[in-house]
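Please build the complete structure, drawing on both the sequences and the hints.
Mind the numbering: the sequence shown is residues 1439 to 1625 in the numbering used here, read in order.
Note that these hints are calculated values from the structure, not bench results. Computed from a predicted structure; not experimentally measured.
Derived lysine to aspartate or glutamate pairs resembling EDC-like cross-links, with alpha carbons at most 20 angstroms apart: (1) Lys1564 - Glu1515; (2) Lys1525 - Asp1444; (3) Lys1463 - Glu1515; (4) Lys1525 - Glu1515; (5) Lys1463 - Asp1444.
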Amino acid sequence: SVTSLDLRRNGLATGAAALGVALAKNVRLTTLLLGENELGPDGGVHLANGLRSNRTLTCLDLAKNALGDDGAIALAEALRANTQHSKLRSLDLQSNNIGTRAAQAWAAVLSNKNSGSSHTTPGRVKLRFLNLNDNPSLLPLEHRAHSAALDAPTGGTAAALACEMAVDELISAMEILGGDCCLMQEG
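Encoded structure:
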């Protein structure tokens, strides 16, 4: 059976809903490469719906899909909802027009904070690699105290995200160069 599927650069925007349904039912696929498919925010939401119940996927490449904040937030919330069963360890969100709202959502998910929802999900997101390179809206990356960055009303959201990831014991290496942010666990 197929455990790895490379569908990069296939213009799958109209098939995102079907992909989301397939992810929810998947019992074998561990690697899914969907980079450069013009999925957009709606596609991100469809895939997130599938990730809410997926128990096998370990690697997901969504680079260069213009997911925007709505798609990236949906993915963060899906992983939070599925922390007990998700095996996802690598997520590529490079070049997706991710901005302030999504950075705040990811910071909350990675720190296991409630992020305004009415319930707390047990467990934590277990990502070891999260690629946020080339999302210029996450700038400026600046070093601030953890709590000050999270409480800043404007700006500093990328700093908040970086602070959350820097203190996360699963993500132990972080590289920030200009607008690039790539995080991974060593070893």
